[in-house]
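Visitor: Now for the letters of each chain:
2 protein chains.
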Amino acid sequence: MAFTFQMNHSIKFNHDEELLKKAELLTPPLINKEKKLVRLGELTKDITKFEGWTIKTLDMKIDDKEYKKDDSLILDFGNHYVGRFAIDINSVGSPMDAPLYIRLRFAEVAAELSHESEEYDGWLARGWIQEEFIHLDELPTLLSLPRRYAFRYVEIKVLDTSPKWSVVFSNPRLITESCVDSDNLPFPKIEDMELAAIYQVGLKTLEDCMTDVFEDGPKRDRRLWLGDLRLQALANYESFKQNDLVKRCLYLFGAMTTEDGRISANVFTKPYPIPDDTFLFEYSLFFISVLHDYLAQEDDEELLGDLYPIAKKQINTSLTYIQEDGKVCADESYPVFVDWSTEFDKTTCLQAIMIYVLRQFIELAQKAGDFGSTEYYESVLDKLVNYSKNNLFDSEKNLFKTEKVEYNIASQVWMVLAGVFPKEMNRKIMMTTIEKLFPIKNIATPYMYHHVTEALFVAGLKEEATELMKNYWGQMIRLGADTFWEAFDPDKPDYSPYGSPIISSYCHAWSCTPVYLISKYLHREE
Amino acid sequence: MAFTFQMNHSIKFNHDEELLKKAELLTPPLINKEKKLVRLGELTKDITKFEGWTIKTLDMKIDDKEYKKDDSLILDFGNHYVGRFAIDINSVGSPMDAPLYIRLRFAEVAAELSHESEEYDGWLARGWIQEEFIHLDELPTLLSLPRRYAFRYVEIKVLDTSPKWSVVFSNPRLITESCVDSDNLPFPKIEDMELAAIYQVGLKTLEDCMTDVFEDGPKRDRRLWLGDLRLQALANYESFKQNDLVKRCLYLFGAMTTEDGRISANVFTKPYPIPDDTFLFEYSLFFISVLHDYLAQEDDEELLGDLYPIAKKQINTSLTYIQEDGKVCADESYPVFVDWSTEFDKTTCLQAIMIYVLRQFIELAQKAGDFGSTEYYESVLDKLVNYSKNNLFDSEKNLFKTEKVEYNIASQVWMVLAGVFPKEMNRKIMMTTIEKLFPIKNIATPYMYHHVTEALFVAGLKEEATELMKNYWGQMIRLGADTFWEAFDPDKPDYSPYGSPIISSYCHAWSCTPVYLISKYLHREE
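Protein sequence lines, in the order shown, are assigned to chains V and L. Heads up: the first sequence at position 275 corresponds to 275 in my numbering, and the numbers run straight through without jumps. Heads up: the second sequence at position 517 corresponds to 517 in my numbering, and the numbers run straight through without jumps.
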């Protein structure tokens, strides 16, 4: 995620200390593994890679060279990691008559090293740029940086020594931070090598976004977003099964609702849990989805008892946005997200998501024994579905339209996922979508691509779904990805949503879903 | 000091562990005092001040304002200090959705804040620029910087927050580091207010250069230089009387001579004692002066026993540079310093310094009971003096000339200090110097101005000496100095020897000597 800037300072939040305590007790220990340098590298042009850059292997050892003013080196740790960095530094020559001044840059992808931070003029905080300027008054020293970075590459540039001495580097290391370890995970047998690679990169993406919560992206915007949590949790159930982390995140959201009961789109956990003042219509609702999906994995009556009332509050709040005729009406103060793109009308998506979640909520109500309410919610569901069928579905075109009479992919996708029609009809809708609306345009995020892919699977279009995965996530790998990116448009492969790759996140949780899609829709059936 | 770049990697040094141990045991404890913020300031044009800049008081409190991207503030601690900096930082507004990124600049004088470090292109290491770029991932926090700085002003610039929150600063503090404390020193009664101010600023300069050794300058080039130590020790005897620190420094130099017995011009003490590979002819000799001056303060037979052989080695080495006729001949590999200026011929200065030190050495030899050698050294002294009188003194002009037949101020000054002629003749020489060679040109350092002033006093020209002090050190104060500077030429008051004030040192040990000059030549007689 990492999206709009909403500022709602006046909103007051409840803090349920009991639920916060439960969240705290579920905090997983972090696994720290030391990773050694794999090779030295050199930034090199390569038009087949992202933004035309790659890191070529340099055939030398780190201590082969004494570095002077303006010299630099690039360390390549061989894969994407999240963690801390340390390196031994010494001087050679005359006594050290000035501080050593160095710049360190941490990069997830090669292209980041082709940009200078001074040039960055985007709207996202430049504080996210992974760049440090360090003075060292005494050598030899172990430089051990206190901050956490997300990176494969470290560029060290010597800004100055003095004319009298040079600097030597040795023993660089990276201490990982994650609450899971893919080394200890049996890798599923995936015959198709391309899919196996997509799975592998998806798994690394998920691993590197799992610390004390499901993070959004470890380089930037490290907080816990509800809509992203929903997808991470699904991928986690198919791989790491670190289900307590999902439970912890549910408690975090449940513990801090607004005075009128809404759940914010994301929470911060450092230095202590803080709910953000950003609200997204379907993100609040996805609290229900995450709870629903979790309870499909684990029987947990205590959790259900604790959180069902909060789930119910979300659905009840959203029901106030439903008109008499069954139409869900968005509101600028409580926007629907769907995708970063603002190029398409999201009204039908909103209608579908409401249906999708309401179905899950009714299941929850039954599990919770709240039988008295079920009938009412089912009547609302009927009204929503009927409105969708009667007012939004164009049976001549076999496609859903929007309020602005737009036929867009996202509307079809969400209506299929919501199960408004049975499978055969969904198949027709998605076939029509492929025929009439593909190739995909104006979808900016792997988050929405996930839903498109899943809708194809749900509609029984396994080959088409697989092809889309290979064309989309596979294309990131061909461009050099070690982990999947925050944003990717195959038509504009070099596009950076914030104007420069130094601020983009190249390991982003909502992009990890091939782990889930492959496992659920392809591997489980093999 | 901070001077030439000599590189002599091949020179091997002895390390006398016994003497090093004695040096270590004499390490003084550091006094740490907390200094509170005095006021907020604003960089303002003022043509009467150094480089045309001053810091004007801002009538607001530090927490009166919430700071956003590109905002900055200047903290004024009211005087020059050496120490560490800490400040409390918090965020206000929405939750902190990005790291705080700030730049801190520490300045001894206002002009430093008018220059950007990117513009600096001088030959001295840019690592000395007192500027830090800091990311803070979590607020509130106490930012406590690990490095030591020399400063009165701290500029904090907010490089980025995010559009959603601002930053507030509070409780900035400075923890001093010095082994002496002028607050506990009775201030001498100096009637002349101008001289009292000069004394005060000199004392602050000395205090801020005294830590675990006599430092050169606390902002930059923090090591112990022998020639500078000589002047600091003299000022110390007249004020703090931290005589053990002088003794420690003598042991440091004495413990680490070259294999052929020479003492290097300076030593580093961190992370452990390291002699520099820079050698200056008279700096090696000044080991004798410092020892001589120390023993005039303290009876210390152990010290004399330990170091007399090393002192003797210095004089013997220098005697190899004396020709048969009594002329001292410089050598490029063992240069004489005298002053940073290279605009004048230093040959006669060298001759005089040799005489000056040899006299002190003969006193040491007598104290050490080395009576067998005394006669020989006295014969050499006679030869040196005779050569000076017969070959260098121009009795028509009443001035000493140089090898290149140059009549420069430094030659007269050092010949007077060396006592080649008796006091009355010295008076004539200095009167002639004033008449014919003043106003002073091409002297770059307070170090040489010290010697000019002292020669005037020695020659009995008290008024002229006092006037020079007021014109020189007094002028630094009028330009805004809280401590005396590394370099100052009253004809070019804005001159920075390294091309930018951000790299110059504005608290430099060799400039502290008015403490000594006023005490010895003016105050003691009042």
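Keep in mind that the hints were calculated from the coordinates and are not lab data. Please note: incorrect hints may appear among the correct ones.
Which copy? The list can't say, so a pair holds if one copy fits it or any two copies do.
What the hints assert, rightly or not - Okay, derived cross-link-like pairs now, DMTMM-like style, lysine to aspartate or glutamate, Cα gap no bigger than 25 Å in a straight line: (1) Lys312 to Asp345; (2) Lys401 to Asp325; (3) Lys45 to Asp70; (4) Lys69 to Glu118; (5) Lys69 to Glu132.
Visitor: Look at each hint and say if it fits the structure.
Guide: Hints and how they fare:
1. Proximity of Lys312 and Asp345 under a CA criterion of 25 Å is satisfied in neither setting, with 28 Å inside one chain copy and 93 Å between copies.
2. Taking the shortest alpha-carbon separations for Lys401 and Asp325, only the intra-copy value of 17 Å comes in at or below 25 Å, while the best inter-copy value is 110 Å.
3. Taking the closest pair of Cα atoms, Lys45 and Asp70 come within 25 Å of each other only inside a single copy of the chain (21 Å); across copies the shortest separation is 35 Å, beyond that limit.
4. For the homomeric pair Lys69 and Glu118, the shortest alpha-carbon distances inside one copy (20 Å) and between copies (15 Å) are both at most 25 Å.
5. In this assembly of identical chains, Lys69 and Glu132 lie within 25 Å of each other by CA distance both inside one copy and across copies; the values are 17 Å within and 18 Å between.
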